[in-house]
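**Student:** From first to last, the protein sequence lines stand for chains A and B.
Residue numbering for the first sequence follows the working numbering, starting at 1 and increasing by one per position.
Residue numbering for the second sequence follows the working numbering, starting at 1 and increasing by one per position.
Treat the hints with care, as some may be off.
Covered stretches of chain A, as calculated for chain B (at least 3 residues, CB under 8 Å) [claimed, not checked]:
(1) 47-58
(2) 68-79
FRET-style restraints, in silico, Cβ to Cβ [as the list claims (entries may be wrong)]:
(3) B/293 <-> A/252: 53 to 63 Å
(4) A/123 <-> B/385: 35 to 45 Å
(5) B/16 <-> A/62: 28 to 38 Å
(6) B/27 <-> A/68: 35 to 45 Å
(7) B/30 <-> A/174: 41 to 51 Å
(8) A/68 <-> B/239: 33 to 43 Å
(9) A/285 <-> B/16: 52 to 62 Å
(10) A/68 <-> B/366: 24 to 34 Å
(11) A/111 <-> B/293: 29 to 39 Å
(12) B/385 <-> A/252: 55 to 65 Å
(13) B/239 <-> A/61: 42 to 52 Å
(14) A/62 <-> B/239: 49 to 59 Å
(15) B/366 <-> A/64: 25 to 35 Å
(16) A/123 <-> B/27: 17 to 27 Å
Quick caveat, the hints were computed from the structure, so don't treat them as lab data.
Predicted, not measured: the structure shown is a model, and the values here were computed from it.
Note that the Cβ used here is the ideal one computed from N, Cα and C, for glycine as well.
Here's the letter readout for the chains.
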Amino acid sequence: MLELTGLSRRFGDVLALDGVTFSVPHGEIVGFVGPNGAGKTTTMRIALGVLEADAGEVRWNGRPLDAEARRRFGYMPEERGLYPKIKVLEQLVYLARLHGLSRPDASRRAAETIEVLGVAERANDRVETLSLGNQQRVQLAAALVHRPDVLILDEPFSGLDPVGVDALTGVLHAESEERGVPVVFSSHQLELVERLCDRVVLIDHGKIVAAGTIEELRSSRERRRLRVQVAGAPHEWYDAIPGVRLVEATPNDGIVVELDDEVDEQRVLDLARSAGDVTHFSRERASLAELFREAVRT
Amino acid sequence: MNPRETDRGAWWLVAQRDFWYRLRDKGFMVSTGITMTVLTGVILISANSGGGTPTFDLGLLGSGSGRLGPLVMQAADAQGAKISTTPVADRAAAAAGLEDGSLDAVLLDGERLLTRDGAPAELEGAVQTAVVADGIRATLEANDVPADQIAQILNPAPVPVETLEPQDPNRETNSTVAFITVVVLYGQLFGYGFWVATGVIEEKASRVVEILLSTIHARQLLAGKILGIGTLGLLQLVGIAAYSVALASLTGALDLPSHALGTAALAIGWFVLGFAFYASLFAVAGAIVSRMEELQNAIVPLNLVILVSFFVSIGATSDPGSTLSRIASIVPFSAALCMPVRISLGSATLLEIVASLIVTIGSTALLIPLAGRVYSGAVLRTGARVKLREAWRSAS
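Extracted from the complex, chain A is given alone in its bound form (with noise of 0.2 Å):
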């Protein structure tokens, strides 16, 4: 498990981050989010040991970090970087072998990735001829050459076409089930998150504001809210029952109400029974960008 505990990183006057904490057990897919600016970018770089921490701790199995474990670690920076005139398999043996592998290790591996990855046929070109989206696998192969203990991406998903972000997908799925490697992103695709991720942080102005399973965020939120779709009822009928307030009104999906917690959810239901044909009724699941901005507004 990766655990990164109490994070401080200050920048001039800026406090990036603030006491960040959370953890990444082995085998799970965790998904890092905020705004832009947030601190995710310097909380990834922290845990890489690309940036120091002024306060706090990152632990891998029980243990401080140290250097040797951290080379076994695989990361794809947000800022894409590999050297554009260096060979695509010469550039990845060389930064496999500078995570500690050995030469004929090195070789072997790079030649791998990037068949799993589908650019073996680019092996030696250099890479500032591939497109984007080959140097973006290039860019994935650097983070997995050398068969990383845990893998830290900043914003892997970006620049992807769909082709590009299923392939992404199921190999973060094979490191996370088939390998147990914890695997820790960050995006704003949220549905994207919501979809892969078995857990998501979320980050803002340097703060964890929530984190957990998408379930557990959900139920954290304050208030319930109900999908009500009634036929022939007059306007702002659950007005009768205090503590009932209109979120969403659409003219083909009915309304979305927000209820208090002393409301209970069948005297809704009798009401709109009473106001007309119920149609459609049932409880709303806010979707990881609702609990997005609800989390970043408070």
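Using the hints provided, position chain B relative to the given structure of chain A.
**Tutor:** Frame of chain A, contents of chain B only:
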């Protein structure tokens, strides 16, 4: 695994990559080619002119010229030149010989000197001396002076020359060797230092540095880079030195190849010392900017310091004992260029050499960790140029 082994492995890998990458670089091939060509030219020119004894071919035509021939050769010998004489049949043959270059001048009737476009000073002087000697001999003979006495008068023992300071008979050649050494050393220090800076920027601009720094420490990356590029510079210098000394010995441009070998060894040793010092500064210059275009501005101060050191050291090749040369050979910025000159010209005292070594090695030992810290503080920051103080503070 032992962490120290890992550390060694990491910078060693970086050094290997930078070494091979630069070796295959077109710039390396071009710079090696240019240096070799220039040195070949310099050596061949000095082999044909400066080095060795000047030799001339003198044609002898008409009565009186034959008698003067041996006297001219004698006079040339005394002046450190060599003149060989050939009888010439007539005026037409003389003109032909001058035109095709087989003769440098023709003595006509022992009285006049015929040349194509003026006589070399040594030749003219020798003929003049011979004419004077001939006149003296005739007078002495007319006055019945014994032949052995005449010979003694006309061939005096060379006047002994005494100097206030001990003089090296090869002073001029050695100055030339020292001059070439300074030029080559300057080229190596600046060229390879500049490569360290561009290497740092390449990694920074392409952002690959962030991946590298997630596997190894910034100081390992810096050390590996300096070591790899420096090793290439060192090997190139060894190659250049071996080639130049060999060529100079073969063509006879050098009277004392062993001295040149010693100077070459000095240059190689001082390259190592100077490069460690300058490369650290070049790496800092590379780390504080983000793009290649900004590098030219960032290295202006560094450039200036090296250039001043260069010119002072050029001055030292003709005056190694001057106060300026003495100071420059001990100040860390210029020691690596100036001290080898003074050592090779025999001007540096043991105390000065030791002081210079201590200052150079000591300042480099202090500079490397400082440069490493600024480098690690600046290398991840892109955008505007990083102020040195900020880089220092943001490194931890």
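**Student:** Evaluate each hint against the coordinates.
**Tutor:** Okay, the hints, checked on the actual structure:
| no. | hint | in the structure |
| --- | --- | --- |
| 1 | 47-58 | holds (count 5) |
| 2 | 68-79 | holds (count 7) |
| 3 | B/293 <-> A/252: 53 to 63 Å | 57 Å, holds |
| 4 | A/123 <-> B/385: 35 to 45 Å | 38 Å, holds |
| 5 | B/16 <-> A/62: 28 to 38 Å | 36 Å, holds |
| 6 | B/27 <-> A/68: 35 to 45 Å | 37 Å, holds |
| 7 | B/30 <-> A/174: 41 to 51 Å | 47 Å, holds |
| 8 | A/68 <-> B/239: 33 to 43 Å | 39 Å, holds |
| 9 | A/285 <-> B/16: 52 to 62 Å | 56 Å, holds |
| 10 | A/68 <-> B/366: 24 to 34 Å | 30 Å, holds |
| 11 | A/111 <-> B/293: 29 to 39 Å | 37 Å, holds |
| 12 | B/385 <-> A/252: 55 to 65 Å | 57 Å, holds |
| 13 | B/239 <-> A/61: 42 to 52 Å | 51 Å, holds |
| 14 | A/62 <-> B/239: 49 to 59 Å | 54 Å, holds |
| 15 | B/366 <-> A/64: 25 to 35 Å | 31 Å, holds |
| 16 | A/123 <-> B/27: 17 to 27 Å | 26 Å, holds |
In this structure, none of the earlier numbered hints is contradicted; all agree with it.
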